[in-house]
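**Q** Construct all of the structure, not just a fragment, from the sequences and the given hints.
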Amino acid sequence: MSLQNEVTSTQPDPRIQEYLVWYSSSWVVRAVESLVSAKDFDPSAKTIAQRLNITVEQAVESLEALEKLGYIIKKNNTYIKVENVTVINQAVVDTSDLLKIHSNLAPQIMTKLDEESIFTTRILLGSMPLVKKHSHKLIEFLKSLNDEGEQLEHPDVLAVEISIAKISTDVRGVQ
Amino acid sequence: MTKQEKVAKYISMLITNSPGTQKDFANKAEISASQLNRYLNGHSEMQLGSFILLLEALGIDLVEILKLKTKKASSLDDLDLKTPEDCLIHLFRGLDQVGQQTQLNQLVWANEVSKKPVPAQVKIILKETNTLV
Numbered sequence: 001m002s003l004q005n006e007v008t009s010t011q012p013d014p015r016i017q018e019y020l021v022w023y024s025s026s027w028v029v030r031a032v033e034s035l036v037s038a039k040d041f042d043p044s045a046k047t048i049a050q051r052l053n054i055t056v057e058q059a060v061e062s063l064e065a066l067e068k069l070g071y072i073i074k075k076n077n078t079y080i081k082v083e084n085v086t087v088i089n090q091a092v093v094d095t096s097d098l099l100k101i102h103s104n105l106a107p108q109i110m111t112k113l114d115e116e117s118i119f120t121t122r123i124l125l126g127s128m129p130l131v132k133k134h135s136h137k138l139i140e141f142l143k144s145l146n147d148e149g150e151q152l153e154h155p156d157v158l159a160v161e162i163s164i165a166k167i168s169t170d171v172r173g174v175q
Numbered sequence: 001m002t003k004q005e006k007v008a009k010y011i012s013m014l015i016t017n018s019p020g021t022q023k024d025f026a027n028k029a030e031i032s033a034s035q036l037n038r039y040l041n042g043h044s045e046m047q048l049g050s051f052i053l054l055l056e057a058l059g060i061d062l063v064e065i066l067k068l069k070t071k072k073a074s075s076l077d078d079l080d081l082k083t084p085e086d087c088l089i090h091l092f093r094g095l096d097q098v099g100q101q102t103q104l105n106q107l108v109w110a111n112e113v114s115k116k117p118v119p120a121q122v123k124i125i126l127k128e129t130n131t132l133v
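Protein sequences appear in the order of chains A and B.
All residue numbers for the first sequence refer to the numbering used here, where the first residue is 1 and numbers rise by one.
All residue numbers for the second sequence refer to the numbering used here, where the first residue is 1 and numbers rise by one.
Worth flagging that the hints you see were computed from the coordinates, not collected in a lab.
Hints should not be assumed to be uniformly reliable.
As the list claims (entries may be wrong) - Capping the alpha-carbon separation at 30 Å, the derived lysine-lysine pairs in BS3-like fashion look like this:
#1 B:K71 to A:K46
#2 B:K3 to A:K133
#3 B:K82 to B:K71
#4 B:K3 to A:K166
Unchecked claim - Computed, partial: chain A to chain B, Cβ under 10 Å:
#5 H102
#6 N104
#7 L105
#8 T111
#9 S127
#10 S144
#11 N146
Ideal placement from N, C-alpha and C gives every residue a C-beta, glycine not left out.
**A** This is the structure in structure tokens:
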């Protein structure tokens, strides 16, 4: 798996592998990463911990992991997100690794759902080529959400999990 | 990319990162360098014997891998699992730390959405031990 940003690739750290695993398997570090882009971001570990309902240790570890991975940098007594680095797609990570990452994170997001959340479960007709044809709408939706969220004075941190699976088998030609 | 092409790609990478030339590995696999090259480029299929020899030259013992897999499968077949609870315990123990914490959180959540009260003790234990998710 190659998720480490080039910024830190020349500074080997024995914990890099551990950070990568954590980044790929826990919502905590992802949430801290998102929070760094918020207009009202306070770099105090205590504030981050309170805002995300995590422990102070988790907040400290997350900041350290993100910094070592090169996803955020320290600047003027705060942290800023390094642009265009945390795009994880099939170009850098194998599809099976992507599925592992998704399978770790998706159930964690589910546990944050409550009656106020937005959720839907549908079984419908379609095809994977059709899903691919329309998937840009979902990407645009996520981008708009994040772009406008970054403009809010006091944004929330949201978790979105989207899974579309083919559940039927191909029986064309079978009598 | 077909599985055959993927295997060829990985072998090509291993050869590149190993000491010795492509010709050295071809010799060890008892094939010609041009034949190995055709295989690595996906232009032809390699005989099983040559393939095993090539893997051995790369430090991969296919027989040992198969032996391990067979041992693992037979020990899994010997498990005495009778109920869904047995399965749950077995599968849970096989998870890594993140997996265990994720599944415990999910169980708590599933209980809560099922309107089944979660004992305070469970919440305390999870709060103390959940360090990753």
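**Q** Each hint needs a verdict: does it hold in this structure or not?
**A** The hints, checked one at a time:
no.	hint	in the structure
1	B:K71 to A:K46	violated (50 Å)
2	B:K3 to A:K133	holds (26 Å)
3	B:K82 to B:K71	holds (22 Å)
4	B:K3 to A:K166	holds (22 Å)
5	H102	violated (12 Å)
6	N104	holds (6 Å)
7	L105	holds (9 Å)
8	T111	holds (4 Å)
9	S127	violated (22 Å)
10	S144	violated (28 Å)
11	N146	violated (22 Å)
When the structure is compared with the earlier hints, violations turn up for hints 1, 5, 9, 10, 11 and for no others.
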